[in-house]
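Student: Listed here are the chains, written in short residue letters.
Protein chains: 2
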Amino acid sequence: MGFWKTWFSTSDSTATTKTTSFEEMSAEAAGTSSPSGDRIVFSTERDIDLYELEELCDAVGWSRRPLRKVKKAIEHSFLVATMWQVRGNQRRLIGFARATSDHAFNATIWDVVVHPDFQSKGLGKALMKYVLKKLRSEEISNVTLFADPHVVDFYRTMGFVADPEGIKGMFWYPH
Amino acid sequence: MGFWKTWFSTSDSTATTKTTSFEEMSAEAAGTSSPSGDRIVFSTERDIDLYELEELCDAVGWSRRPLRKVKKAIEHSFLVATMWQVRGNQRRLIGFARATSDHAFNATIWDVVVHPDFQSKGLGKALMKYVLKKLRSEEISNVTLFADPHVVDFYRTMGFVADPEGIKGMFWYPH
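Quick mapping for you: the protein sequence lines, in order, are chains A and B.
Residues in the first sequence are numbered consecutively from 1, following our numbering.
Residues in the second sequence are numbered consecutively from 176, following our numbering.
In short, the hints are calculated from the structure, not lab data.
Beta carbons: idealized from backbone N, C-alpha and C, even for Gly.
Warning: the hint list may mix true and false statements.
To give an idea of the interface, some chain B residues facing chain A are shown, with a C-beta separation under 8 Å as derived from the structure [to be verified]:
1. Ser-276
2. Tyr-330
3. Phe-335
4. Gly-341
Over 12 Å on every C-beta distance to chain A, these chain B residues come out as not near it, computed from the model [said to hold, decoys possible]:
5. Asp-213
6. Val-216
7. Thr-219
8. Glu-220
9. Asp-222
10. Asp-224
11. Glu-230
12. Val-235
13. Gly-236
14. Gly-263
15. Gln-265
16. Leu-268
17. Asp-292
18. Gly-297
With these hints in hand, go ahead and build the complete structure from the sequences.
Tutor: This is the structure:
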């Protein structure tokens, strides 16, 4: 947890200049109705507490996955994006997303999650905007994902198109 | 082109033991009707002549892409699979595919191409079988791709399912 140690051991006024992988978004800018005093911050730092991440995924009802494999997936993702609620000197992981990529043409976004307590406040949109901004800054032209039926409309509002020109997302299952 | 130098400078009987990323499939096993004497071989070697790859992609009418970016994409793909026709001591690149991955859960296959002269001989299927075997050997459980409309049925015969459980492949376009 080197990142947070750095963040909380320095004064607020200097921390942002010392941590390059950190970006703050005020509750208002993120479109959230959180009580004033809370801040919503985003990071691409990969030094994530895997148990805290598991807790977040549990909260939305995902099947548990071996932490050894989650660790490997995070290491080998092109982008790892986290969203945090910061209140005083406490921080809480409230959102996560990651992307695989060839670092040149394509990126595919996986494992987008926002804690239920923070849903319907525009924070999913804020997280996705952060992810897209990061991918575009790396000159990735083709950003893709596989959306569960109940979030297809959400991604549509973000500018994603389902089956463009008849292109079909397909999953392989052994015969 | 270190791989092929090694391959062709050693006798046939020892070459396969010296090159680990090389796998041979007889024309018959690959389901091809190529004249006898030809062999179809597969490799995961990344030391590909980018001009030869561009020629292959030109042959199927793909838009040209900057070779600098193609090189980067190959370097950062999880798997790069090539298919070659070998006749005597000549070899010709006749197929290509690659996959991005988080090295743990997901892989996405991109840029599957078979030279028009070698299509409708079961070689696309042989190439995909080779790719799937390699991905499965790395314990990747979720293999995905985005299929153009005219190849959706081809991938169906390989065990791919479009929109399973209503999951939609989506592409992002800037507003």
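Student: Indicate, hint by hint, whether the structure satisfies it.
Tutor: Evaluation of the provided hints:
| no. | hint | in the structure |
| --- | --- | --- |
| 1 | Ser-276 | holds, 6 Å |
| 2 | Tyr-330 | holds, 5 Å |
| 3 | Phe-335 | holds, 4 Å |
| 4 | Gly-341 | holds, 4 Å |
| 5 | Asp-213 | holds, 29 Å |
| 6 | Val-216 | holds, 24 Å |
| 7 | Thr-219 | holds, 16 Å |
| 8 | Glu-220 | holds, 17 Å |
| 9 | Asp-222 | holds, 17 Å |
| 10 | Asp-224 | holds, 18 Å |
| 11 | Glu-230 | holds, 19 Å |
| 12 | Val-235 | holds, 16 Å |
| 13 | Gly-236 | holds, 15 Å |
| 14 | Gly-263 | holds, 35 Å |
| 15 | Gln-265 | holds, 30 Å |
| 16 | Leu-268 | holds, 19 Å |
| 17 | Asp-292 | holds, 26 Å |
| 18 | Gly-297 | holds, 17 Å |
Comparing the model with each earlier hint shows no violations; every hint is respected.
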